[in-house]
Amino acid sequence: MKLLRLLLLLVFIPTYAQQGGMWIPSLLKGMNQKEMKSLGMKMSASDIYDVNNSSLKDAVPHFNGGCTSEVISSKGLLLTNHHCGYGEIQAHSTVEHDYLTDGFWAMSLEEELPNPGMEVTFIVRIEDVTNQVLEGVSILKSEEDKQKKIQDNIAKISKESPKENYQGNRIRTFYEGNQYMLFVTETYKDVRLVGAPPSSIGKFGSDTDNWVWPRHTGDFSLFRIYANKDNLPAEYSEDNVPYTPKHYFPISLGGIEEGDFTLVFGYPGRTQEYLPSVAVEQLIDVINPAKIEVRDAALKVTDAFMRKDKQIKIQYASKYASIANYWKKWIGETQGLKKTNAVAVKKAFEKDFLARAKKAGKMDKYGNLFTEFEKYYTEIEPYQLSRDYFIEVAIRNVELLTVGYRLYQLEQIYNARGAQSFTDRKNNTVSSLEGTYKDYSKQVDEKVFEQLIALYAEKSPKQFLPGMLKGVNTQELTQNVYANSKLTSHNGVKELLNTSNEPEEIIKALNADPGYELIKAMMQAYIEKVAPKYEELTLELDALQRTYMKGILELSPKDARIFPDANSTMRVTYGQVKGYEPRDAVYYKPVTYLDGVIEKYVPGDYEFDVPQKLITLYNNKDYGQYGENGKMPVCFLGTNHTTGGNSGSPAIDAKGNLIGLNFDRVWEGTMSDVYYDPAICRNIMVDIRYVLFIVDKYAGATRLIDEMELVNVKKR
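All residue numbers for the sequence shown refer to the numbering used here, where the first residue is -18 and numbers rise by one.
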């Protein structure tokens, strides 16, 4: 039966009309438009993407480089996820004004809060520049020379392609280097916080419910784009005015039903749908388990402190959420890949690929692909593992080592560029670290360090460890570092980087610090023993992957649905509102309601507490125009193919109206970054009616409702 299922999957992969795919919006005419129409879409491809007229793309900016957002009023009002704006909400929070706990609502334009460094980027147009980028590449022999030529071509095209002086040019690769697209962009740098619900709504369920259905989270926050008097991008100024968009989304109060068409627009971060089976097997058995173990240890330590100390909870809330997000995702991804037999499915596809290559007389080009993949993935495994341990321990989860890494970069600048460059960067580093230490606790970091450095010394490949970590007593190392290193405080770092000292004296002081000594030893071991070989093998694998992708494009049937992997560029994914069966005899309905929030309510719990006002609104069934049949919808499911970066993406109905806000995926389907299975892969969206209910009935921010365009309003 397993073999039959695999064969059926292979047969139907190209024909799932509404299942999977992250499509470039400028290339929707043809097959994609036909599929969308068959699912109930009432728009045309030009309504979604148009260069000469306003279209949906003009209302969907990239939010601060990592999430997606959408414009929902003629005054530049911007909607995104609560977790996308979490860092800014935290930055404005203090113990006296705790916007994470209490929420924040600007009741006038004057009360909207600026966010230095935040920006949103619109796409003006997209052009195919593949021929220009690959000009002169094929005649080169080495992969290194080819990549250098490609980068030189990209730089030249980016510089010479026409644009306005306030616009930017970005070129991105697709299909593993078989296609290149130019994106002309406009970036707005005055983005102000307008509103955010308390975390008991915006993060309801927190880490327990993350990646899990049924979900009851009001994961949204509101910002506003400001522009200069000419409506053009400008740095923050009190003279700036609300941005007038080319397009904004009307908001539908008509509700959703199972089977309804859904379009999700956004900037998905990274997928690897075309990895060979050997790579997926390595991910399941080696790479994910290592990263999960490191983050699991860090999270347990941090969680224990956060539960006991409110100040630490505020300091570490955003960091904890960031670490926990992919920790849980990797767990679900691994389980999903195993459950769906992804490795076996990919092996069957590879067998079929070789059969098609043989039939087409292309075995000279593709016949040795999978043997080569096996060879190079086996060779890269210890280097990949060592690299992941280094990144997870030194760069992402132990703050003292992260600060030390930045100081190590300072020393390298001195060695490479001299005293003046060192001094310039040193002053910037001291200033920027002030924010880091504002949210730093020595006692938390010390316990995290003790756990993680032990894992690093024990589990990272021994041949790549620095000498001082071989056979080390990690408890004694921890005590020595945190008792004697100046990296445990901002004042300590400023003392090390004393501006009155000569660079040579500063470097000498740094190298006498035990915390710096450790990260320098780790860094040098990584640079000397891991990075060169890892980069060499990665280049070889990239070349193989590009050839494999070219073969898939070349040998697949004309009607095959082959979409490019996500790379943080604008994409659309379409599907339907739909439930799913995660396991035998279990069916999940596609909609949740406020009833579920009350069912999960645990008074005083940091994940499942509920504000009293929300309980009162529920008890009185005071839902205004946003409820449906006496109930308040909260979240719903779709078959849209999403990933990280789609957080905050608009969920759009058949006519182009906003019906929801994408924020998550179901845990059973998180492996969709590697292998999309239409049976269990679902994205999770906040119902837009719940967003408006919270803004209106809970927060009383009716001025925001008044500036939106509400459609399909049902009579009560």
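Just so you know, the hints here were simulated from the structure itself, not pulled from any lab data.
Each residue gets a CB set at the ideal place from its N, CA and C atoms; glycine is no exception.
It is possible that some hints are incorrect.
[To be verified] Within a straight-line C-alpha distance of at most 30 Å, the following computed DSS-like cross-link-like pairs (lysine-lysine) qualify:
1. K291 x K428
2. K328 x K539
3. K289 x K127
4. K612 x K581
5. K612 x K127
6. K291 x K423
7. K339 x K127
8. K343 x K127
[As the list claims (entries may be wrong)] Label pairs and their computed distance ranges (CB to CB):
9. D576 x P143: 54 to 60 Å
10. D266 x Q390: 50 to 56 Å
11. A397 x N34: 46 to 52 Å
12. K319 x K210: 24 to 30 Å
13. Q424 x D266: 53 to 59 Å
| query | Which of the listed hints are not met by the structure? | reply | 3, 5, 10, 12, 13
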